[in-house]
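Once you've looked at the hints, dock chains B and C against the given chain A.
For reference, the chains in residue letters:
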Amino acid sequence: MNVVHHNAAGSGFLSPTGVEITFVLVGLVVLGAALVTVTTRQLVHAALWLVVALGGIAVEYLLLTAEFIAWVQVLIYVGSVVVLLLFGLMLTKAPIGRSPDADSENRWVALGVALAAAGTLVWVVADAFRSTWIDVHPANGPGATAVTGSSLFRFWVLPFEALSVLLLAALVGAIVLSRRRPEGRDR
Amino acid sequence: MNDTLDALLRLVAVLVVFLVLPLLVGQTEHKVMAHMQGRLGPMYAGGFHGWAQLVADGVKFAQKEDVVPADADRRVFQLAPAVALLPYLVVLIAIPVGPHGFVGEAVDAGLFFVLAVMGVGVLGSLMAGWASANKFSLLGALRSAAQLMAYELPMLLAAASVAMAAGTLSLPGIVGQYHWWWTLWQLMGGLVFFTAGLAELQRPPFDMPVADSEIIFGAYTEYTGMRFALFLLSEYAGIVVLCGLTTVLFLGGWHGPWAGSVGWLWTLLKTAVLAFVVIWLRVSYPRLREDQLMKFAWTVLIPVSLAQIALTGVVKVVTS
Amino acid sequence: MPVPGAGLAKGLAVTLRTMTKKSVTDRYPDVLPELPPRSRGVIALFEENCTVCMLCARECPDWCIYIDSHKETVPAATPGGRERSRNVLDRFAIDFSLCMYCGICIEVCPFDALFWSPEFEYAETDILDLTHERDKLREWMWTVPAPPALDPAAEEPKEVAAAHKAAEKAAAEPPGEDGA
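Chains as they are written, first to last, in numbering that gives the first Met the number 0: chain A, 0 to 186; chain B, 0 to 319; chain C, 0 to 179.
Simulated from the structure, these hints should not be mistaken for lab results. Please note that the accuracy of each hint is not assured.
[Stated by the list, open to error] Calculated Cβ distances over 10 Å to all of chain B for the following chain A residues:
| id | residue |
| --- | --- |
| 1 | Leu-27 |
| 2 | Leu-63 |
| 3 | Ala-116 |
| 4 | Ala-161 |
[Stated by the list, open to error] Which stretches of chain B does chain C cover? Using the computed rule of at least three CB atoms under 8 Å from a CB of chain C, they are:
| id | stretch |
| --- | --- |
| 5 | 159-172 |
| 6 | 281-288 |
[As the list claims (entries may be wrong)] Quick list of the computed label-pair ranges, beta carbon to beta carbon:
| id | chain 1 | residue 1 | chain 2 | residue 2 | range |
| --- | --- | --- | --- | --- | --- |
| 7 | C | Lys-21 | A | Gly-148 | 52 to 58 Å |
| 8 | B | Arg-9 | A | Thr-16 | 23 to 29 Å |
| 9 | B | Val-276 | A | Val-164 | 39 to 45 Å |
| 10 | B | Leu-186 | A | Ala-116 | 44 to 50 Å |
What you are looking at is a predicted structure, and each value in this text was computed from that prediction instead of being measured. Here a beta-carbon is modelled for each residue, glycine too, at the ideal position from N, C-alpha and C.
Chain A with its partners taken away, still in its complex shape (with noise of 0.2 Å):
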């Protein structure tokens, strides 16, 4: 896909390649399709901004040449989690047209926490890296699916597998919830 060739020393910080503005371009397009998911008073609308939110985070990866990620987040969040929002909000009668009642008047404590979560988030990456260079050549580069796989199951196995466990104990919850209780009793 995307051949991105960098040599710590020639590139600096946004030098102007393709990649880098189409980089910036499309997690701009992200930021407001985020923004306008939390604030249009569209309830559907919402979910479908979220889908070109995630989309374009894809498209991100797909940049950073994290090919797997990138199908993975496709998939998962715009294939099925967007999938079940809007199935859960046709559920709920969710109106054509805006929702008067859409808005828990918590707008400036939301921005707070988001702020937070951003500015955390932020600062431990680069913290975390400083001016480390990641050489993301596609060829076999730290996002191909064989380094992905190898790694995940060589280093990550643990949080795997604790992750796993987790989404197992979701599951039989949610079958333990939505059984049908026996008549006449708990009624």
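Okay, now just chains B and C, sitting in the frame of chain A:
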């Protein structure tokens, strides 16, 4: 030939395939379905056995008025057909036809790419169903979503089994690893994949989201003219993609006698046979009920695909 | 014990077998249908046989036959003989928008003036145009086929049977004793 021109030519070729093969499948469906029901099917358009029927249909669709219901959500309504159709076009790029790079664009995680993008298509149905402001459309969209949720899982599991067997996610890589006995080894997975794919395309007998006797035409009820034609086209493009994928994953793609020179022909032939099976199933079986569909997915397909993964794992460990 | 999935396979087999068979579609405007004998397409009038007895018009359950006529006087054939009057047909029309193709008119006609024709392509865009006059009905007479042969084991037609009987009787009785 420089790289840009090469890529451009490949994309144009994929576009041509995208525009021709679905029509071919559609025409075959007209004729095969008719003869399976003891009829002749279209006989007039184009002169010889109605070969140009779908071209005539296209002209008709283009002439029709493009109606957007007054209470509909205009932009979402108008955007939905494109969202339904484009994923299949994108997927077609990654399906290998022959050896030696006979593919639109070799994608590293091709299998994942294909399955991920195919899942996006259902968003088109959901958008159409919700934006139509019609209860039948909404019901159709809900059924689409429920069906996708239920059938995406067995499809992924069956595909994962093939990826395990081949040790790669790249589609040309999977075909390259193929041996004839894989078809038997992965038989359960192949059946699950094909069935789940049918359900994801909403083809009969899994066409509850568009069940005409219950909910008119599901999410597409309010559509007319070209936008409706795009939805139909996406269904047939979906058949091409599903059959192509099943061929690549389970039937060995271009493998066959003289694969070096006529490999692409083998792929097309296998795809065509599968497309025939899709039509055949449509003619032979009645539509399932919605709850039967869900039950079938969760109680049959998923256990079978899990068993296939276990089998694949055991064989893989034993033989390596 | 039934094999699981046998029904599914059977369904597939049925459709596949049908596909290989010849289809039953009639390609009507291109290929005209082969109609069975005695097909009831339209009622034709052999007006030379009509004596304006009005039986058909009276028996018609739908009252869809219209007949106008006048009397003409035929001068005596022999000198001093009586003048005779004769009915002359002025109008004979059948309204095929009312006709229910029962064929009673054809059955009751004592003079063999009405016949079934297999012709069926006379659809019109206006219901009034379905009333067809005598010239049209006469034209349809040309499309009436010869009566089909009798079934092998059928009884002889009455006229033929009577003639046979008479012939046998004549043969059985010795000549000359023909009294009467």
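Hints and how they fare:
{"no.": "1", "hint": "Leu-27", "verdict": "holds (21 Å)"}
{"no.": "2", "hint": "Leu-63", "verdict": "holds (14 Å)"}
{"no.": "3", "hint": "Ala-116", "verdict": "holds (27 Å)"}
{"no.": "4", "hint": "Ala-161", "verdict": "holds (21 Å)"}
{"no.": "5", "hint": "159-172", "verdict": "violated (count 0)"}
{"no.": "6", "hint": "281-288", "verdict": "holds (count 3)"}
{"no.": "7", "hint": "C:Lys-21 - A:Gly-148: 52 to 58 Å", "verdict": "holds (57 Å)"}
{"no.": "8", "hint": "B:Arg-9 - A:Thr-16: 23 to 29 Å", "verdict": "holds (24 Å)"}
{"no.": "9", "hint": "B:Val-276 - A:Val-164: 39 to 45 Å", "verdict": "holds (40 Å)"}
{"no.": "10", "hint": "B:Leu-186 - A:Ala-116: 44 to 50 Å", "verdict": "holds (49 Å)"}
Going through the hint list in order, the structure does not satisfy hint 5, though it satisfies all others.
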